[in-house]
Structure formats: C-alpha cells, structure tokens
Amino acid sequence: MPKDFKRGYIGMLPLFPGLIAFGLLYGVLARQVGFATWQTLAMSLIVFAGSAQFTAVGMWASSSAFPIILTTLILNLRHLLLGASLAPYLRGLPRSWKVALAFWLTDESYAVAIAEYQRGSGSHWYFFGASMGVYSIWAVASLTGALLGSAVPDPSRYGLDLVFPLTFLALLFNFLKDRKGVIVALAAGGVALVGASYLPGKWYVIIAGLLGSGLGLLIEEWKGLWTKS
Amino acid sequence: MEGAVDKILIFLGMALVTFFTRYTMIALFGHGISPRLQRWLNYVPAAVLSALIAPAALAPQGKIQLGLPVVSMLVGCLAAYRTRNVFWTILAGLAVFWLGKLAFPG
Numbered sequence: 000m001p002k003d004f005k006r007g008y009i010g011m012l013p014l015f016p017g018l019i020a021f022g023l024l025y026g027v028l029a030r031q032v033g034f035a036t037w038q039t040l041a042m043s044l045i046v047f048a049g050s051a052q053f054t055a056v057g058m059w060a061s062s063s064a065f066p067i068i069l070t071t072l073i074l075n076l077r078h079l080l081l082g083a084s085l086a087p088y089l090r091g092l093p094r095s096w097k098v099a100l101a102f103w104l105t106d107e108s109y110a111v112a113i114a115e116y117q118r119g120s121g122s123h124w125y126f127f128g129a130s131m132g133v134y135s136i137w138a139v140a141s142l143t144g145a146l147l148g149s150a151v152p153d154p155s156r157y158g159l160d161l162v163f164p165l166t167f168l169a170l171l172f173n174f175l176k177d178r179k180g181v182i183v184a185l186a187a188g189g190v191a192l193v194g195a196s197y198l199p200g201k202w203y204v205i206i207a208g209l210l211g212s213g214l215g216l217l218i219e220e221w222k223g224l225w226t227k228s
Numbered sequence: 000m001e002g003a004v005d006k007i008l009i010f011l012g013m014a015l016v017t018f019f020t021r022y023t024m025i026a027l028f029g030h031g032i033s034p035r036l037q038r039w040l041n042y043v044p045a046a047v048l049s050a051l052i053a054p055a056a057l058a059p060q061g062k063i064q065l066g067l068p069v070v071s072m073l074v075g076c077l078a079a080y081r082t083r084n085v086f087w088t089i090l091a092g093l094a095v096f097w098l099g100k101l102a103f104p105g
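If you're matching them up, the sequences are chains A and B in order. Residue numbers 0 to 228, in numbering that gives the first Met the number 0, belong to the letters of the first sequence in order. Residue numbers 0 to 105, in numbering that gives the first Met the number 0, belong to the letters of the second sequence in order.
Hints are supplied without guarantee of correctness; some may be wrong.
What the hints assert, rightly or not - A few chain A positions that, by computed beta-carbon distances, are all more than 10 Å from chain B:
hint : residue
1    : Lys5
2    : Leu147
3    : Ala150
Claimed, not checked - No farther apart than 20 Å at their CA atoms in a straight line, the calculated lysine to aspartate or glutamate pairs in the DMTMM-like style are these:
hint : chain 1 : residue 1 : chain 2 : residue 2
4    : A       : Lys222    : A       : Asp153
5    : A       : Lys179    : A       : Glu219
6    : A       : Lys179    : A       : Glu220
7    : A       : Lys176    : A       : Glu219
8    : A       : Lys222    : A       : Asp177
9    : B       : Lys100    : A       : Asp160
10   : B       : Lys62     : A       : Asp160
11   : B       : Lys100    : A       : Asp153
Rather than coming from a laboratory, the hints here were simulated on the basis of the structure. For every residue, glycine included, the Cβ atom is placed at its ideal position computed from N, Cα and C.
If we strip away everything but chain B, and leave its shape as in the complex, we get (with noise of 0.2 Å):
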C-alpha cells in the first residue's frame, strides 16, 4: 500500500469504525434502561477485565504456555489483592519474572 493520502483515508476508515463500536451503546442506551440489564451491566468491568487479562498473560501467542509469565502474574495476584495499587502489582510482578530469568537463564 502506498501513498500518504491513501494512509490518510485508510486511517480515517478505521476511525469510523472505532468511533461506531465506541458510540453506538452510549446512544442507544442514552433514555435509560431496565434495572435487570443495569444490574447485569455492574458485572461488565469484572468479565471484560479478566477477559483481556487471562490470555495476554497465559497465552500470548494463542496456546496457553505455563512458565515463568504464569509465575509473575501470580505474584502480581498477591500484590494486587494487598495493595489494590498499579504500579506496586507491576513491579512485584516483573520484579518475579527478572530474577526468574537471572536464576534459569535461557
């Protein structure tokens, strides 16, 4: 592909469908919905979440691998359950996976 002006448009493209997926809910749901669908869409954050979590960590590349990933994100668990903070769950978590690698280089 080539040309700055096909970018553009190509890029352009993608924005309306992003924008799609991201506005239409907002204005559907824009006049207020039944209280069952409200209580049922408290649970989106905890599934969605955990729906992008479990295979970035466990299965990066599509087949779930066990290893040293697992391990931190374990250790990455623990942290988040104490400290309910980002950056603390971070670093204990790639604190685990580097001195992984120092112990079982290669």
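Just chain A, with the same shape it has in the complex (with noise of 0.2 Å):
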C-alpha cells in the first residue's frame, strides 16, 4: 500500500512550481509583518491553509485574534465542497485516518485525489501521499520566503501569479469529460468572476461550485426524461 503512497506524493510534483511560488511569497509576507522565521514556519504547519494565511498575514497588524480566525473559517468553507465530493471515497476507512486525510486536505491534493479516484485508481494512501507533497513543498517554500526576506522580487512582474491558475487549469481538464462537464465548468468560471467582484472572502467558490455542480446534475436529469418519454 505504501506504494500508492509514493505515487500520490510523485503525483503531487507538476504543482510544485505553484505551491513554490505561492509560499515563498508567504514566507516574505509574513516576514515584513514581524513573524519570527520559525513562526513563519509554524503557521504553515499548524494550520496549512494557504489563502487563509496570505489573509490573516495582512490583516495582522490591523486585527485581534476573532476577526482572523473567523476569516480563516470563511476562507476555508469551500472544503466543505470539497470534502462531501470526497467522502464517497473514503466511506469505510477508520475514523483516523478521516481525521488525518481532512486535516491535510487542500485544493491541490484535492484535485489531483479525486482525479485519481475517479480514474478507478485511487487511494487513501494515494491521497494521502498526495497531501504529504504539499505539506513538504509548503512547508519549505514558507521557510526559505522567510530566510529570504525582501531578496525575493515582486512575483506579479514574472507572471508568476499565474502559476497557480495555469496549474489548475491543467487540472481541470481531467474533469471536462463531455459536454456537461464542460457547460459546468464554464457556468461557475462565469459565476465565480461575477461573485468574485460582489461577495467577500471565498463565497464566490462556494456559490460557483454549488450553482455549477448543481447544473451538471440538472443537465443530466433533464436528458433522462427526455429519453424516457
């Protein structure tokens, strides 16, 4: 079974370079708002959750503990998609290793899991060596963005900001199977953009992913009556 471990964890390695450069700006972030390097370091390993921490670095100067850590919450309500469109999966596995395969689940090992479930060839180990390639790359991205301090250039000037859209991109395709799936994704890209502007925090997520998955479901009972009848 470990086997399925190393898999998952080489899986993991084409998001690297996004993972990279998203924590390394953490690492600087953090940094100019007065974090200890291995407080840097710290918060990348007890809570790993990388928007959550990008926010919660900026309003620290501003903000006591309640509004960061409800942001937190706010931020991280779209894994609550996330882990519903996962537990079919993980229906049967001890109550551990649920806890573990949730604390460490991310929109990247995310993406690439479920893939790998749908394909008929996933795993919890998969899963979970999936997570475990975040969790290193993040953790030693944060790190050396806090050994490096201000050294580390406006990434938005290399379009490095669009690494983390282009890998997602590239996942998404695993995903566009027929046509529904491609009406899906192109109706919550739609929504997410709007509710981007509108909603505040992630809601727009939330909202796309509902609205979207929902369509996809709708499309495909539509088309059975009409077969029916």
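Once you've looked at the hints, go ahead and assemble the two chains, each given alone in its own frame, into the complex.
Set out below in structure tokens:
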C-alpha cells in the first residue's frame, strides 16, 4: 500500500512550481509584518491553509484574534464542498484516517486525488501521499521565503501569479469528460468571476461550486426525462 | 498583536476552524449518500476548479482586467487541452506572458 503513497507524492510534483511561488510569497509577507522565521514556518505547519495564511498575515497588524479566526473560517468554508465530494471514496476508512486526510486536505491534493479516484486507481494512501507532497513543499517554500525576506522580487512582474491558475487549468481538463463537464466549468467560472467582484472572502467558490455542479445534475436529469418519454 | 504564545494560540484557533471545514462533510457523509447526491457531487471538481481559476486569472484585484494575463490563460487553455500536462501548460502560459512583456514593455 505505501507504494500508493509514493505514487501520490509523485503525482503532486507537477504542482510544486505553483506551491513554491505561493509559499515563497507567504514567507516574505509574514516576515514583513513581524513574524519570526520559526513563527512563519509554524503557521504553515499548524494551520496549513494557503489563502487563509495570506489573509491572516495581511490582517495581522490591524486585527485581533477573533476577526482573523473568523476570516479563516469563512475562507475555508469551501472545503465543505471538497469534503462532500470526497466523502463517498473515504467511506469505510477508520476514523483516524479520515481525520488525517481531512487535516491535510487542500485544493491541490483534492484536485489530484479526486481525479485519481474517478479514474478508479485512487486510494487513501495515494491521497495521503499527495497531501504530504503539498505539506512538505509548502513548509520548505514558506521557510525559504522567510529566510530570503525582501530578496524575493514582486512575483506579478514575472507573471508568477499566473502559475497557480495555469496549474489548476491543466488539472481542470481531467474533469471535462463530456459536454456536460464543459458547461459546468464555464458556468462555474462565469459565476465565480461575477461573484469575486461582489462577494466577500471566498464565497464565490462556494456559490459557483454549488450552482455549477447543480447545473450538471440538472442537465443529466433532464436528459434522463427526455429519453424516457 | 504581540507575543509568541499569542501567535501560536491564534494559529491553533485557525487550525481548529480549518479542520472543522475539512472534516465535517467527510464525517457526515461517511455512512452512504443517495445516488442523486452522488451524481451531483461528481460535478463538484470541475465546478470548484473553474471557480478557483477564473477570478485568479481574469480579476486578480477583484475587478475584471483584460490584458496579457488573459491571453496567456487562453494559450494555457490550448496547451492544457492538447497536452493534459501541468508543466507544459505553465510553460506555455508563462512564455506568452514573458514574450508579451518583451514586446510591450511597461
């Protein structure tokens, strides 16, 4: 079984460039708001949620504990949706496994693991290996960013902020198996674009995720009715 | 905000609420779900990934901005379609961005 662990870890390697760019930037920002190097790393190891860590660091100077934790909760509510879609594959696992896989669940390991599950070759060891890939490179990149400090130039000048959406773009094509998948993705992307301009936090991911996937089911049901009658 | 202990306590608070969001549905749906819900959930990956991509690429500051990033995302789309490979997709997208910067500096 740990053979699958290795497969999962290797499956995560293509996502390392995006994680490195993101982690470096987080490390730099954290130092700039007054985190010690070890504290920068500690946050990555304890919280392990990229966008929440970014936002928390941004709020740090001006906020107290409660708003930071509440914002973290709101940003991460999208994981409810990821957890729901993973749950059927994790049924029957001991609770300790579910707890571990949940603690290390990220957008990245989700995208890689669920693709593998849908292909029929997924397993909890694969998922865990993929998660450990994210965890290890996230820690290394955060620490490196903290050590380099301001020596890291503005990533958007080099288009490095595009690495993240480009990575997910390549992964998205795993799920566009038919026309329904394409419609779902286009609809969700459109809703997210509008939502990102008007909704706070990451609500747009939740709304777009629910509406997009709901549309997929709706089309499926309609087609079923069509062929039956 | 000051103090190492304060920081660690806040990290633990953040970790706790994060774990709550990650674990809840895995625990709740642990005993089987209806086939219809399952079919719905099958569409979640495509919807969520697309929802993560679109604003990050097209509206990084919250408002839609047309320009070089949009062009490199379109080329990235083409590369993703042809290769299904993360590395080539990133390379194609960034290459377009860098070439664009060279051609139209500033």
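Status of each hint after checking the structure:
no., hint, verdict
1, Lys5, "holds (19 Å)"
2, Leu147, "holds (21 Å)"
3, Ala150, "holds (21 Å)"
4, Lys222(A) to Asp153(A), "violated (49 Å)"
5, Lys179(A) to Glu219(A), "holds (8 Å)"
6, Lys179(A) to Glu220(A), "holds (12 Å)"
7, Lys176(A) to Glu219(A), "holds (14 Å)"
8, Lys222(A) to Asp177(A), "holds (14 Å)"
9, Lys100(B) to Asp160(A), "holds (15 Å)"
10, Lys62(B) to Asp160(A), "holds (16 Å)"
11, Lys100(B) to Asp153(A), "holds (15 Å)"
Hint 4 from the list above is the single one not met by this structure.
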